[in-house]
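Student: For the record, the sequence lines run as chains A and B. The first sequence runs 27 to 141 under the working numbering. The second sequence runs 926 to 1036 under the working numbering.
Think of the hints as simulated: they come from the structure by calculation, not from any bench. It cannot be assumed that every hint is accurate.
Now the stretches of chain A that chain B is said to cover, found in silico as 3 or more residues with beta-carbon under 8 Å [stated by the list, open to error]:
hint: 1; stretch: 67-75
hint: 2; stretch: 133-141
Chain A residues, not near chain B, derived (Cβ > 12 Å throughout) [to be verified]:
hint: 3; residue: Ile-30
hint: 4; residue: Gln-32
hint: 5; residue: Gly-84
hint: 6; residue: Ala-95
hint: 7; residue: Thr-97
hint: 8; residue: Gln-111
hint: 9; residue: Thr-112
hint: 10; residue: Ala-118
hint: 11; residue: Gln-130
Which chain A residues face chain B? A few, computed with CB under 10 Å, are given here [stated by the list, open to error]:
hint: 12; residue: Met-53
hint: 13; residue: Tyr-61
hint: 14; residue: Tyr-90
hint: 15; residue: Ser-93
hint: 16; residue: Asp-98
hint: 17; residue: Ser-110
hint: 18; residue: Cys-117
Note that CB positions come from ideal geometry on N, CA and C, so glycine has one too.
One letter stands for each residue in the lines below.
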Amino acid sequence: IAGITQAPTSQILAAGRRMTLRCTQDMRHNAMYWYRQDLGLGLRLIHYSNTAGTTGKGEVPDGYSVSRANTDDFPLTLASAVPSQTSVYFCASSDSTSGGADTQYFGPGTRLTVL
Amino acid sequence: LAKTTQPISMDSYEGQEVNITCSHNNIATNDYITWYQQFPSQGPRFIIQGYKTKVTNEVASLFIPADRKSSTLSLPRVSLSDTAVYYCLVGDYNQGGKLIFGQGTELSVKP
């Protein structure tokens, strides 16, 4: 079982370019999330999806969009990248139907540099 | 979601017990307390979760007093490999999973 995979592992991108970060999970979790992690700021939630077909905004959604066409995939798109979007991006998933408070499982991250 | 406060950094030596305390004065009735561990260049990893009293698993123990306004993560006999950032999170995750990680506690274990 792979868990959560993210692609690419790292990317250098010119400002103004469009970029899609991919995230796939094989645990059949209904909820998925995108975070960015910047030095000194911890992890901040960008967007989330509680179930296929629905999405929601997190703390820092501006400049990002997501879609959830199916259970397994949750791509994050930067329509026109800016240098402030240089960060490490983590995708996560959880089974929020398990009762109580769900545990999130994180992918290995994508290191994105926007020049 | 309740805000958490935890020390920015802690130092320890191999073999010692490490206790990291997290304050969450505004915790709500439905909130759970969860701790995550993050190694450099990796995503956070779930350690332990609790609602009240004490929870223990193969990795750590979590102590939660009756008022639930704080919690303490206890790592028994730490090793160098326990050097990581530890995050305390509080929330009712069934309400959309909007976790607020904060800056975490950077634990450095020395030989």
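Student: Need the list of violated hint numbers for this structure, in ascending order.
Tutor: 3, 4, 5, 10, 11, 12, 14, 15, 16 and 17
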